[in-house]
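Peer 1: Sequence:
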Amino acid sequence: MRALCWHGEEDVRVDEVPDPQIVNPHDAIVEITATAICGSDLHLYDGYVPTMREGDVLGHEPMGEVVEVGNAVETLEAGDRVVVPFTISCGSCWFCEEELYSLCDNSNPNAEIAREVMGQSPAGLFGYSHMLGGYAGGQAEYLRVPFADVGPLKVESDLPDEQVLLLSDVFPTGYMAAENAEIEGDDTVAVWGCGPVGQFAIQSAWMLGAGRVVAIDRVPERLAMAREHGDAETIHFEEEDVYDRLMAMTGGRGPDRCIDAVGTEAHGTGLMGLTDKAKQQVNLEADRPHVLRQAIKCCRKGGTLSVPGVYVGHADNVPVGPLMNKALTVNTGQTHVQRYLDPLLETIEDGDIDPSFVVTHREPLERGPEMYETFRDKEDGCVKVVLTP
20 MRALCWHGEE DVRVDEVPDP QIVNPHDAIV EITATAICGS DLHLYDGYVP
70 TMREGDVLGH EPMGEVVEVG NAVETLEAGD RVVVPFTISC GSCWFCEEEL
120 YSLCDNSNPN AEIAREVMGQ SPAGLFGYSH MLGGYAGGQA EYLRVPFADV
170 GPLKVESDLP DEQVLLLSDV FPTGYMAAEN AEIEGDDTVA VWGCGPVGQF
220 AIQSAWMLGA GRVVAIDRVP ERLAMAREHG DAETIHFEEE DVYDRLMAMT
270 GGRGPDRCID AVGTEAHGTG LMGLTDKAKQ QVNLEADRPH VLRQAIKCCR
320 KGGTLSVPGV YVGHADNVPV GPLMNKALTV NTGQTHVQRY LDPLLETIED
370 GDIDPSFVVT HREPLERGPE MYETFRDKED GCVKVVLTP
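So the sequence shown is numbered by the numbering used here: it starts at 20 and just counts up by one.
It is possible that part of the hints are untrue.
Stated by the list, open to error - Under the rule of at most 27 Å between Cα atoms (straight-line distance), these lysine-lysine pairs were calculated in the DSS-like manner:
| no. | residue 1 | residue 2 |
| --- | --- | --- |
| 1 | Lys397 | Lys298 |
| 2 | Lys320 | Lys345 |
| 3 | Lys298 | Lys316 |
To be clear, the hints were calculated from the coordinates, so they are not data collected in a lab.
Can you build the whole structure from these sequences, using the hints too?
Peer 2: Here is the structure:
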């Protein structure tokens, strides 16, 4: 089959690779009809995530049609149309029973590698390094789905792929980010990053009762999307000081809830931003935590910081003192996607939201390598890419 494969930093190719096979009776094979490039895929593209191997199949935002199931699969059959969550979860360990699906104890066959780095292993993920399982991803013609009774969401309506595809990751991730922010009535919510996760964090903040949403970015098309589709007030961080503007907007108190939807490759300003980038380039620092620093500084005392943005290692000069002395609450983590699939599908089916508003580019799989570069460089107004095998 054809698949997008990682061959090193800034080197993604369309390769011919073996078709996936049933290797466990709980597996399913899905023929992919649509798959997306995620912002966190760019961390792989830019070479910041360790334990990648040449030829790894990328992608963790797929959907398609079930073509084969193992003999122990009970909830799916050939012909079912499904969205596949990026988290791989067994459904029976303590964490899965607590609906903490991204912390599954049993889905990462390379758990020992993760334990050495993190202390414990989170769940395995599709297409996202050997430390997180080494699973082939979904930017391909076919995908093997382990624990098939736990992951895939059956779509039984005639909604087009684009409206449900993003349930695989970015819509639930934005929603969990807003949920983790612990929003209360009339709160002011500041969202750093207006990529797809940030856009859904904005939408979800309103769904959870925010009184005001402020979106922070530097890309005009993303800021425009936050205003037009998210009814957010916006701050262009290269044109005005974020802290000063947020203090002016909140009477000096700061936003009640802050969401870092950027993560490891934040574009900092000033000397600290240049220092972060230089350290990351020479492997003296794994992450560029500019947004994390800024959110801690801006958040009101006793407020909440939600971090859906992906971080991969260690970061310098994170202001732990202000974090503690301001009594901030921090909530973070990979998304427990399965927890949110049914309720968020209902919001789509009821017409409350059409997630396809973030999709700006629709291309065949063969153009995947080019679209990685376009997406990374934010060219041509690119916010979200959907590929069709």
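Peer 1: Within a Cα-Cα threshold of 27 Å, do Lys397 and Lys298 meet the stated pairing?
Peer 2: The hint holds at about 23 Å.
Peer 1: Is the Cα-Cα distance between Lys320 and Lys345 27 Å or less?
Peer 2: 5 Å, holds
Peer 1: Going straight from one Cα to the other, do Lys298 and Lys316 come out at no more than 27 Å?
Peer 2: The hint holds at about 22 Å.
In the structure shown, no violation is registered for any of the earlier numbered hints.
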